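**Student:** Using the hints, position chain B against chain A.
Number of protein chains: 2
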Amino acid sequence: MKQTEQAKKITKVAATLFAKKGYNGVGVAEIGAASGFGRGTLYHHIESKEDLLHEIASHYISDLVQSGHSIAREYPDPIQRLRALSRHLMAVISSNLAEIVVCFREVQSLTGSRHYNVMCMHAEYQQIWSKTIEEGVQQNVFREVDKIAVKGLLGMYFYSCLWLKPYGLQSPEDIGDVFSDLVIRSLSKGLNE
Amino acid sequence: MKQTEQAKKITKVAATLFAKKGYNGVGVAEIGAASGFGRGTLYHHIESKEDLLHEIASHYISDLVQSGHSIAREYPDPIQRLRALSRHLMAVISSNLAEIVVCFREVQSLTGSRHYNVMCMHAEYQQIWSKTIEEGVQQNVFREVDKIAVKGLLGMYFYSCLWLKPYGLQSPEDIGDVFSDLVIRSLSKGLNE
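Protein sequence lines, in the order shown, are assigned to chains A and B.
Start counting the first sequence at 1; every next residue gets the next number (this note's numbering).
Start counting the second sequence at 1; every next residue gets the next number (this note's numbering).
This is chain A alone, in the form it adopts within the complex:
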């Protein structure tokens, strides 16, 4: 197993354990035992338990930010971009359920620059959506909405980590399409606007 694969496995096992028992309820030794690696291998990859929590909380949001910027470049049209962002967001949530649950529950256990870094990435991701909405307003396809609207719309997606079934009947992309349909209509201009 390559070093990067080892690191990925340790993070996944830790996320699953933290999601199940809480960050404070799991020790580094238990993570080692559950991932099948010895103390040496474990500490080769992580500095501390907080380091692992930071890795769990930052990996998916860093992916969302990077892919979000790519999607923005790929889709200049705000409506098409929202559809693409929506599908991608649901896919990332679906494949990172434990990580996102852990991030929501335990982000306040991160200290100093680790906490700041995770919060900044969430703000940057929200900004990608806000900018898309603003461009839609400028192009006269969306109405102007209160700034708080984007927080609500993103909450629609992120809250799904509490009810989404990994192998449910609908694919994450299908759910993403239902949601982007709601989002686009909620922002669209009416006849007399």
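Honestly, the hints are just simulated from the structure, not real lab data.
As the structure is a computational prediction, the values presented were derived from the model and not from experiment.
Keep in mind that a hint or two might mislead.
Given that identical chains are not distinguished, each listed pair holds provided it fits within a single copy or across any two copies.
Listed next, the in silico EDC-like pairs over lysine to aspartate or glutamate satisfying Cα-Cα at most 16 Å (straight line) [stated by the list, open to error]: (1) K8 / D51; (2) K147 / D177; (3) K147 / D174; (4) K147 / D181; (5) K12 / D51; (6) K12 / E55; (7) K147 / D63; (8) K21 / E106; (9) K20 / E106; (10) K20 / D177; (11) K8 / D63; (12) K9 / E173.
**Tutor:** What follows is chain B alone, placed relative to chain A:
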């Protein structure tokens, strides 16, 4: 202080402590010390720590269910009803931030009938919203939406417990109005539907 006020205070203090330190990180003795009541008074009101968690997780959702049914009777019109449900939901979230955070994080720590009871009330509350949407569809003001839409729309509200400021610039009712505007538009029929 009346007995019911004592019980309310104990529950509020416990919710704040659980939200801050996690359910497993707080003992009954600490709750007693923080609420200023002795062991006797504490155990007069609660049977166990899980009993307290159940009280925290069930009180706001029981309020939402009861008030939701009243609002449904008061507003036969689906659009007016959604506006009223929206304002009320944001007001309840705003005055129960710690309780809702604790419920989301720790509901799986409830066992047996306590867990079942809380999950049933959440399902019942969702049903109040689903029924309102269905009535709108029957009255030809809303389009038919995938069943999963109501989960997304409610997520918009509940997720706010992670970002809502208790003394923010916008009142919960104002935020409720922004959100119900998004919800109603997202469900409304277009010109050719």
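**Student:** Quick check: which numbered hints come out false for this structure?
**Tutor:** As far as the earlier hints go, 7, 10, 12 are violated by this structure, in ascending order.
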